[in-house]
Amino acid sequence: MSKRLDIYLVEHHYFKSRNLAQRAIKNEKVKVNNKIVTNKNYQVKENDEIELINDELSFVSRGGYKLYKALNYFNIDVSNYICLDIGASTGGFSDCLLKHSAKKVYALDVGSNQLDESLRNDPRIISMEQTNFRYLNPNTLKDKIDLCVIDVSFISLYHIFEVLSTFKEENLEVITLIKPQFETIRKNLNKHGVVKDKDVHYQILDHVCGFIKEFGFHLIDITFSPIQGEKSGNIEYLGYFNRNIETKKVDFKKVVDEAYLNFKVGK
Numbered sequence: 001m002s003k004r005l006d007i008y009l010v011e012h013h014y015f016k017s018r019n020l021a022q023r024a025i026k027n028e029k030v031k032v033n034n035k036i037v038t039n040k041n042y043q044v045k046e047n048d049e050i051e052l053i054n055d056e057l058s059f060v061s062r063g064g065y066k067l068y069k070a071l072n073y074f075n076i077d078v079s080n081y082i083c084l085d086i087g088a089s090t091g092g093f094s095d096c097l098l099k100h101s102a103k104k105v106y107a108l109d110v111g112s113n114q115l116d117e118s119l120r121n122d123p124r125i126i127s128m129e130q131t132n133f134r135y136l137n138p139n140t141l142k143d144k145i146d147l148c149v150i151d152v153s154f155i156s157l158y159h160i161f162e163v164l165s166t167f168k169e170e171n172l173e174v175i176t177l178i179k180p181q182f183e184t185i186r187k188n189l190n191k192h193g194v195v196k197d198k199d200v201h202y203q204i205l206d207h208v209c210g211f212i213k214e215f216g217f218h219l220i221d222i223t224f225s226p227i228q229g230e231k232s233g234n235i236e237y238l239g240y241f242n243r244n245i246e247t248k249k250v251d252f253k254k255v256v257d258e259a260y261l262n263f264k265v266g267k
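Residue numbering for the sequence shown follows our numbering, beginning at 1 and increasing consecutively.
Bear in mind the hints are in silico, worked out from the structure with no lab data behind them.
There may be inaccurate statements among the hints.
Straight-line alpha carbon distances no greater than 27 Å define the calculated DSS-like cross-link-like pairs of lysine-lysine that follow [stated by the list, open to error]:
| # | residue 1 | residue 2 |
| --- | --- | --- |
| 1 | K187 | K248 |
| 2 | K187 | K264 |
| 3 | K213 | K249 |
| 4 | K99 | K26 |
| 5 | K69 | K191 |
| 6 | K196 | K144 |
| 7 | K187 | K253 |
Pairwise CB distance ranges, derived in the manner of DEER restraints [to be verified]:
| # | residue 1 | residue 2 | range |
| --- | --- | --- | --- |
| 8 | K31 | K187 | 47 to 57 Å |
| 9 | D143 | R62 | 22 to 32 Å |
| 10 | Y158 | Q43 | 45 to 55 Å |
| 11 | T166 | E11 | 42 to 52 Å |
| 12 | E246 | Y158 | 13 to 23 Å |
| 13 | E11 | N262 | 50 to 60 Å |
Just so it is clear, the structure is predicted and the values come from calculations on it, not from any experiment.
Backbone N, C-alpha and C fix where the C-beta goes; we use that ideal spot for every residue, glycine too.
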């Protein structure tokens, strides 16, 4: 008797949900009888041999792949870290942190009922849904935060770092997504909400990293996100900041140029 691949993977405890199984299949992370299968409807027999390719890349949302690149590119070891995930949503960043041995993650989001069930039931996750970070009292958090990760939309990072600057942790590290469409004026967006002009991207990175420095966080390094914005197709960036290490001179033009070589920009 055969069974659909995504269902088989869940029933045999390779993944906690069909959504996770389907994402792994789509991303060519599943082999059947030593061949990669990308069709979730593929019929699997009980005696077929299943192999997962790099299981740590199976995250609850696409955001996990963004943070995965950041942790590796910036060479950050989050083992035993206590982290704050601002804009957690489904929990891609939080999931990635746990898979990299973080001790605890405060998953904060202004929305509700978005966090994946597998994370909601994980004792290492402190769910803080229906919480607007702009009005958060840092004393609400019961632990010293080692690393803050940020993925927010429809708001400038200015308002996020304005609050982060009130945190007392001297060695606080930050990884943030920089989304150009939310850091510029309307005339720089096309009708689909995409920032297509490379020069505007240069200016945005310089501007954003500038005001972040004014809030006391120094740029360590920056790279482009491995995944474009889901709806708009905007190129996004990943910045790594620290309170104690002096700002590194980063060539924003080089970062943007590399991103444009890797992606077709928006619509």
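Verification of the supplied hints:
no. : hint                      : result
1   : K187 <-> K248             : violated, 31 Å
2   : K187 <-> K264             : holds, 21 Å
3   : K213 <-> K249             : holds, 13 Å
4   : K99 <-> K26               : holds, 20 Å
5   : K69 <-> K191              : violated, 30 Å
6   : K196 <-> K144             : violated, 40 Å
7   : K187 <-> K253             : holds, 21 Å
8   : K31 <-> K187: 47 to 57 Å  : holds, 49 Å
9   : D143 <-> R62: 22 to 32 Å  : holds, 28 Å
10  : Y158 <-> Q43: 45 to 55 Å  : holds, 52 Å
11  : T166 <-> E11: 42 to 52 Å  : holds, 48 Å
12  : E246 <-> Y158: 13 to 23 Å : holds, 22 Å
13  : E11 <-> N262: 50 to 60 Å  : violated, 37 Å
Checked against the numbered hints given earlier, the structure breaks hints 1, 5, 6 and 13 and satisfies all the rest.
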